[in-house]
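Q: Spelled out, the chains give:
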Amino acid sequence: MSDTELQEKPDLQIDQDQGNFSYPEDYAFDAGTGLTDKTIDYICDAKEDPDWVREFRKKALKVFNEKPLPTHWASKDLENIHFNDFRYYLSKGAKPKRSWDEVPDDVKRTFERLGIPEKERAFLAGVEAQFDSEAAYSNIKKAVAEQGVIFVGSREGLKDHPEIFKKWFGKVIPTADNKFSALNSAVFSGGSFIYVPKGVKVKHPLQAYFRINAENFGQFERTLIIVDEGAEVTYMEGCTAPKFDSVTLHSAVVELVAMKGAKIQYITVQNWSPNVFNLVTKRGLAHEESEIKWIDCNIGSRLTMKYPGVILKGRKARGEVLSIALANNGQHQDTGAKMIHAADETTSNIISKSISIGSGRATYRGLVHIPRHLKGCKNNTECDALLINTESRTDTYPAIVTRGEGNSVQHEASVSKVSAEQIFYMQQRGLSEGQAMSLSVNGFVNDLVRQFPMEYSVELKRLIDLEMEGSVG
Amino acid sequence: MKCALEIKGLKAGIGGTEILHGLNLTIPKGEVHAIMGKNGSGKSTLAKVMAGHPDYEVTGGDVLLDGKTILGLEPDVRAREGLFLAFQYPSEIPGVTIANFMRAALNARRPEGQEIDAVEYYNELYKKMDLLKIDRAFTSRAVNDGFSGGEKKKNEILQMAMLEPKYAVLDETDSGLDIDALKIVAHGVNSLRGPKLGILVITHYQRLLDYIVPDVVHVMVDGRIVKSGPKELALEMEKKGYDWVENLVAA
Ligand SMILES: Nc1ncnc2c1ncn2[C@@H]1O[C@H](COP(=O)(O)OP(=O)(O)OP(=O)(O)O)[C@@H](O)[C@H]1O
Ligand SMILES: [Mg+2]
Chain R
1 MSDTELQEKP
11 DLQIDQDQGN
21 FSYPEDYAFD
31 AGTGLTDKTI
41 DYICDAKEDP
51 DWVREFRKKA
61 LKVFNEKPLP
71 THWASKDLEN
81 IHFNDFRYYL
91 SKGAKPKRSW
101 DEVPDDVKRT
111 FERLGIPEKE
121 RAFLAGVEAQ
131 FDSEAAYSNI
141 KKAVAEQGVI
151 FVGSREGLKD
161 HPEIFKKWFG
171 KVIPTADNKF
181 SALNSAVFSG
191 GSFIYVPKGV
201 KVKHPLQAYF
211 RINAENFGQF
221 ERTLIIVDEG
231 AEVTYMEGCT
241 APKFDSVTLH
251 SAVVELVAMK
261 GAKIQYITVQ
271 NWSPNVFNLV
281 TKRGLAHEES
291 EIKWIDCNIG
301 SRLTMKYPGV
311 ILKGRKARGE
321 VLSIALANNG
331 QHQDTGAKMI
341 HAADETTSNI
351 ISKSISIGSG
361 RATYRGLVHI
371 PRHLKGCKNN
381 TECDALLINT
391 ESRTDTYPAI
401 VTRGEGNSVQ
411 HEASVSKVSA
421 EQIFYMQQRG
431 LSEGQAMSLS
441 VNGFVNDLVR
451 QFPMEYSVEL
461 KRLIDLEMEG
471 SVG
Chain B
1001 MKCALEIKGL
1011 KAGIGGTEIL
1021 HGLNLTIPKG
1031 EVHAIMGKNG
1041 SGKSTLAKVM
1051 AGHPDYEVTG
1061 GDVLLDGKTI
1071 LGLEPDVRAR
1081 EGLFLAFQYP
1091 SEIPGVTIAN
1101 FMRAALNARR
1111 PEGQEIDAVE
1121 YYNELYKKMD
1131 LLKIDRAFTS
1141 RAVNDGFSGG
1151 EKKKNEILQM
1161 AMLEPKYAVL
1171 DETDSGLDID
1181 ALKIVAHGVN
1191 SLRGPKLGIL
1201 VITHYQRLLD
1211 YIVPDVVHVM
1221 VDGRIVKSGP
1231 KELALEMEKK
1241 GYDWVENLVA
1251 A
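Sequence order for the protein chains is R and B.
Sequential numbering from 1 applies to the first sequence in this note's numbering.
Sequential numbering from 1001 applies to the second sequence in this note's numbering.
Just chain R, with the same shape it has in the complex (with noise of 0.2 Å):
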């Protein structure tokens, strides 16, 4: 199946191999490759799960047995993994192994441009599976702490604190929503959990660089986040630097959840390698008056399928999506949003700008959903999608529904192109072909950037840069 449907895209010239990583054979903590029961219990025996985590991973492998791929809605490359050949768990101590000698250089060379400092690059790089932000990430944590905020990572938080975890835990995304969020319930590790109790505005951003940095990262990430009533938060996850990975499958589960008028603001900017899989759930719940936030960038990767989503449940409450996602030769991302009005006078707005270049292929899919009995309920989507050069294809499925009177949406699209003669007008100015068509990009999504921490935008005008860079011959 696999090899036939490799042969069928042609333009899919990813060398499968580059990022891969050699493991040394035995160590203590390998589940080895594939999913079983056994890899379960070994999982659960090295984490020393409660016993309540084990049944409901083992429910959970079940459900992902059972349940099929869901090609009906994204590509057909899904059918090209192969579930049976990952390795699911590594802990401590089973540290992939490369060497900075084997770090391509082009890796390097972003690295550089990216202006990491030089003890994290071999970290970023694989070489090294730890680096020292251990005393960055301790003084976050003992400054949220002075507020009361917990922030851990997912595995302290079930066992330390039971009694907020277990509540939530799989409440916003249940096990059973899609095979991904069945395989990341049935072998998560790794994530960050957090709590902002009553009341705390958290002033600074809480980032999870620091944190995962400090662990590892986690190839099936689980992050639940609750911010009690009147609280405030702001969660940066990743780094914006690209991880060259040892693991070519990534499936986080991000639950959010908002008490009465909370305040969420999730960002992410992802850069991955050209041979990740990447498919992540994420959802949050919007109790009365609250306010959900997603702000995703998705760069780099060889498939994203990813639909942040806010369930809005209290009266007024409000959710809100902004993405952007550049697909590059051979890459796709499927990516979109979906916002679930459950009380009135709800209101949601999804913006979304995807760039595809060369064979890249950018797909938005959207699913607004608004029930005949509500009152008062809005919701703005907007998708804008920018081709450069002919061979790039965009989709958009916007898919909203509405029933009921009394509610209103909006609903806008477009697509442009950066002509030939666009670029040959900027390279008329001086500026290189490159930078022509990163100057477009960033002019293209410049004003919803503007919406971004500074420092973010900044990071992500960088990437963007490499990234028009190295897509031209």
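One or more hints might be untrue.
Covered by chain R, according to a simulated footprint, are these stretches of chain B (three or more residues, beta-carbon under 8 Å) [stated by the list, open to error]:
hint, region
1, 1047 to 1056
2, 1070 to 1076
3, 1079 to 1085
4, 1088 to 1095
These aren't lab readings, by the way, just hints derived from the structure by calculation.
Note that this is a predicted model, so its numbers are computed, not measured.
All C-beta atoms, glycine included, are put in the ideal place defined by N, C-alpha and C.
Let chain R serve as the given structure and place chain B with the ligands on it in line with the hints.
A: Leaving out everything else, chain B with the ligands in the frame of chain R:
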């Protein structure tokens, strides 16, 4: 080394059709030359071929900038070597502000890590905008996006002023300008005139040449320069019409 923009026996075309049939023209640094010619005679083609537009093929001859050939160089390299083209039909670049665009273009001329200082840059930009009587609000507008015809042309000259080229080709910069704008643009161009700059002005009308007085006027017919002379040639052209030169060629 000869300080000039030299076009020698240039043959070029598009889609297999030759448009320039062995064109010769030399613009010494410090001089202003004008080209007049009928619609479709190949003036814009000449401008774009010099700038390196990828759609055109060069089949013969050479273009030299201060003695060095520029054919075969990427358009941006030619630009950084000092060639500027004010487009007859400037492109619109949505989302990219004039301020950012010009800054990127200036930084592209500097070594990496030595970007232009923001204060210095804005001082320079405002000075040039004042010279061309362009409202400062334009800095935050996207390049040519929704600009009127005249505003686009002024913006071309603003860019020329900012980038300080060695040679500038102005392709019908006068078209679409009202008389006040024409005077302002001419004043802007004249203030850039000097020993360090060679200018080639492409126009249909004597009117522009009243304000930007050329050292030499060339007449182009069917992809060739057929007559060159002092500034009075433009007046004669206007009086006698293109038929006159075409008859000269035929004779
Ligand atoms: N892309 C193209 N495909 C085919 N023919 C072209 C193309 N571009 C230009 N031409 C032809 O080349 C000839 C010269 O065009 P050019 O634009 O250089 O004329 P011009 O002298 O600048 O005219 P004008 O005064 O109207 O601006 C014209 O006959 C034109 O139709
Ligand atoms: Mg023309």
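Q: So, for every hint listed, does it hold in this structure?
A: Evaluated hints:
For the region 1047 to 1056 of chain B, the stated coverage by chain R holds: 5 residues have a C-beta nearer than 8 Å to a C-beta of that chain, and at least 3 were required. Proximity of the region 1070 to 1076 of chain B to chain R, defined as three or more residues with a beta carbon under 8 Å from a beta carbon of that chain, is established by the 3 residues found. Interface restraint, the region 1079 to 1085 of chain B with chain R: holds (4 residues with C-beta to C-beta distance below 8 Å; minimum three). As drawn, the region 1088 to 1095 of chain B meets chain R at 6 residues by the rule of a beta-carbon pair under 8 Å; at three or more, the given contact holds.
Against the hints set out earlier in the document, no violation occurs for any number.
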